[in-house]
Structure formats: C-alpha cells, structure tokens
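Engineer: Just so you know, the protein sequences line up as chains A and B, in that order. Residues in the first sequence are numbered from 0 upward in steps of one, following the working numbering. Residues in the second sequence are numbered from 3 upward in steps of one, following the working numbering.
In short, the hints are calculated from the structure, not lab data. A quick note: this is a predicted structure, and the numbers were derived from the prediction, not measured. Keep in mind that the hints are not guaranteed to be accurate.
[As the list claims (entries may be wrong)] Once the Cα atoms are required to be at most 20 Å apart in a straight line, the calculated EDC-like pairs of lysine to aspartate or glutamate come out as: (1) B:K44 with A:E57; (2) B:K3 with B:D29; (3) B:K101 with A:E85; (4) B:K70 with A:D99; (5) A:K64 with A:E53; (6) B:K70 with B:E17; (7) B:K70 with B:D29; (8) A:K6 with A:D25; (9) B:K101 with A:D99; (10) B:K101 with B:E5; (11) B:K101 with A:E53; (12) A:K6 with B:D41; (13) A:K64 with A:E85; (14) B:K44 with A:D63; (15) B:K70 with B:E58; (16) A:K64 with A:D99; (17) B:K101 with A:D95; (18) A:K64 with A:D25; (19) B:K3 with A:E53; (20) B:K44 with B:D86; (21) B:K111 with B:E5; (22) B:K111 with B:D41; (23) B:K44 with A:D86; (24) B:K111 with B:E17; (25) A:K6 with A:D86.
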Amino acid sequence: SAVISQKPSRDICQRGTSLTIQCQVDSQVTMMFWYRQQPGQSLTLIATANQGSEATYESGFVIDKFPISRPNLTFSTLTVSNMSPEDSSIYLCSVDLAGDTQYFGPGTRLTVL
Amino acid sequence: KQEVTQIPAALSVPEGENLVLNCSFTDSAIYNLQWFRQDPGKGLTSLLLIQSSQREQTSGRLNASLDKSSGRSTLYIAASQPGDSATYLCAVKPSGTYKYIFGTGTRLKVLA
Chain A
0 SAVISQKPSR
10 DICQRGTSLT
20 IQCQVDSQVT
30 MMFWYRQQPG
40 QSLTLIATAN
50 QGSEATYESG
60 FVIDKFPISR
70 PNLTFSTLTV
80 SNMSPEDSSI
90 YLCSVDLAGD
100 TQYFGPGTRL
110 TVL
Chain B
3 KQEVTQIPAA
13 LSVPEGENLV
23 LNCSFTDSAI
33 YNLQWFRQDP
43 GKGLTSLLLI
53 QSSQREQTSG
63 RLNASLDKSS
73 GRSTLYIAAS
83 QPGDSATYLC
93 AVKPSGTYKY
103 IFGTGTRLKV
113 LA
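Only chain A is shown next, with the shape it has when bound in the complex (with noise of 0.2 Å):
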C-alpha cells in the first residue's frame, strides 16, 4: 500500500493569487496524478508526473494555469495560478502501485473569494 500525505489540507486565497499544493508518498513511483474535484461533481484528471520529465496535461488545462514539479520519485507539487473563483475544488494526488490499485492523498480543499 502507499501512503500520501497533501499540504495544506485547506487553505482559502484571494482572487489573482497562486497555490502551491505540495504531495508526499512514502514509496517511490514513476507516475503520480493531479485531479481537481468541482463542488458535487466526479473526479477529473488534471495532469500526470513523471519524474525527470514535462507533465502530461489533460484536454482543458494548460502548463501556464497548473504548473506542476516533479523533484523526485516521492514528491510532487501542482501550483494554481491566478486564482479565481472556478478554481474552487478539492485538488488531490494519487499513484498506481504494483497491482494497479490506485491510491489517493486526503485532498487539499481550495476555496477563491
């Protein structure tokens, strides 16, 4: 099994302002996933990790407004950038283990005034 830890768990940011969400696992993996979570709605991959690598963005989101960081085999960040008020989900991270059950961090809930 993993373990993932998500920083912050919450935060509430002003409109035009950027978010950094930091990921921790507690065993290395090659690929780790952003989703963004919509007030009631299903989860949507935003973009996959790999390390030593550019990300892979889903249709709809760019580099520019999700940048994210890939440092190591462990760890993982997603900045959201000029914030606005859409932005407002839950963001969370996941890995693939071997087996390929897929494991979530707890999420970071985001909220833009």
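With the hints as your guide, set chain B onto chain A.
Structural biologist: Leaving out everything else, chain B in the frame of chain A:
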C-alpha cells in the same frame, strides 16, 4: 471516448438492508475497474479492484462484479450500516492507458 455512469446518483436506505450500486461504461476494452469510497471533504479509499479477466471480487461485506461485454459493474453491500454512508465512485482504466476515468458517483446514506 470512454464514459462512466453511476446509477442511482443518491440512495437512502434503512440500516441492515442489502443494496446494489451500479456502474456502466461505454467501451468494453478496459484493463481494470476499481471501486472507491469518499467521505465528505476527504480523499478516496480503494475498496475493490477487478482486473478485466475477473468476474468479481469480495472484501468483507462488499462484493463487486464485472461484466465487460455489457459494460457493467455492480457493488453489493450486505447488511448496510450507518458507517457505510459515503459517496461511492467507480473508475475504469481503459486498455492501453494508465489513466482512470471516474464515474459520477452514488451518494449513499444509511439511516440508523
């Protein structure tokens, strides 16, 4: 394009009832299917993982089945308890990809 739908969107049952949650997907070419539980404001907890070659998986009071040909999976919860109240999500990993596509979720409330 793979789409995943869950019915019903919400369900309220008295404690002790057996219940079935449904998940349907449009493309049968899947690698596996996973059921998750999400408590309000929290992350997701994996409940059961079914590989494409499997028909069902069981864990305690939970049983998940998979019928790829019809594009359906069900999650059976026996003898429901108030602690089972949560949102249940199914997610499909299409063949040849590493990404999961999530369903819309079923919000379950078990009444004491």
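Engineer: Take the hints in turn and mark each one as holding or not.
Structural biologist: Okay, the hints, checked on the actual structure:
At roughly 23 Å between alpha-carbon atoms, K44 (chain B) and E57 (chain A) are farther apart than 20 Å, so this suggested pair is violated. Between K3 (chain B) and D29 (chain B) the CA atoms are separated by roughly 8 Å; this keeps the pair inside 20 Å, and the hint holds. A threshold of 20 Å between alpha carbons decides the hint, and for K101 (chain B) with E85 (chain A) the separation of about 24 Å lies outside it, so the pair is violated. The suggested pairing of K70 (chain B) with D99 (chain A) holds, with an alpha-carbon distance near 18 Å, which does not exceed 20 Å.
A hinted pair counts as satisfied when its Cα atoms are at most 20 Å apart, and K64 (chain A) with E53 (chain A) qualifies at roughly 15 Å. As the CA atoms of K70 (chain B) and E17 (chain B) are separated by approximately 31 Å, the hinted pair breaks the 20 Å bound. A hinted pair counts as satisfied when its Cα atoms are at most 20 Å apart, and K70 (chain B) with D29 (chain B) qualifies at roughly 9 Å. The suggested pairing of K6 (chain A) with D25 (chain A) holds, with an alpha-carbon distance near 14 Å, which does not exceed 20 Å.
Restraint check for K101 (chain B) and D99 (chain A): the C-alpha separation of about 11 Å stays at or below 20 Å, so the hint holds. Under the criterion of a C-alpha separation no larger than 20 Å, the hint pairing K101 (chain B) with E5 (chain B) is consistent with the structure, at around 13 Å. For the suggested pair K101 (chain B) and E53 (chain A), the alpha carbons sit about 17 Å apart, so the restraint of at most 20 Å is met. A distance of roughly 19 Å separates the Cα atoms of K6 (chain A) and D41 (chain B); the hinted pair therefore holds under the 20 Å criterion.
Under the criterion of a C-alpha separation no larger than 20 Å, the hint pairing K64 (chain A) with E85 (chain A) is consistent with the structure, at around 13 Å. Annotation: proposed proximity of K44 (chain B) to D63 (chain A) is violated, straight-line Cα distance about 27 Å (limit 20 Å). With a C-alpha separation of about 11 Å, the suggested pairing of K70 (chain B) with E58 (chain B) holds against the 20 Å cut-off. At most 20 Å may separate the alpha-carbon atoms for a hinted pair to count; K64 (chain A) and D99 (chain A) exceed this at roughly 30 Å.
A distance of roughly 10 Å separates the Cα atoms of K101 (chain B) and D95 (chain A); the hinted pair therefore holds under the 20 Å criterion. Between K64 (chain A) and D25 (chain A), the direct Cα distance comes to roughly 28 Å. Violation of the 20 Å bound is thereby established for this hinted pair. This hinted pair does not check out: K3 (chain B) and E53 (chain A) have alpha carbons roughly 25 Å apart, beyond 20 Å. Note on K44 (chain B) and D86 (chain B): the hinted pairing holds, with a Cα-Cα distance of about 15 Å set against a maximum of 20 Å.
For the hint pairing K111 (chain B) with E5 (chain B), the CA-to-CA distance comes to about 25 Å; that exceeds 20 Å, so the pair is violated. Under the criterion of a C-alpha separation no larger than 20 Å, the hint pairing K111 (chain B) with D41 (chain B) is consistent with the structure, at around 11 Å. Distance hint between K44 (chain B) and D86 (chain A) is fulfilled; the C-alpha atoms sit about 18 Å from each other, no more than 20 Å. Using a Cα cut-off of 20 Å, the hinted pair K111 (chain B) and E17 (chain B) holds, with the two alpha carbons roughly 9 Å apart.
For the hint linking K6 (chain A) to D86 (chain A), the alpha-carbon distance of about 17 Å falls within 20 Å, and the restraint holds.
When the structure is compared with the earlier hints, violations turn up for hints 1, 3, 6, 14, 16, 18, 19 and 21 and for no others.
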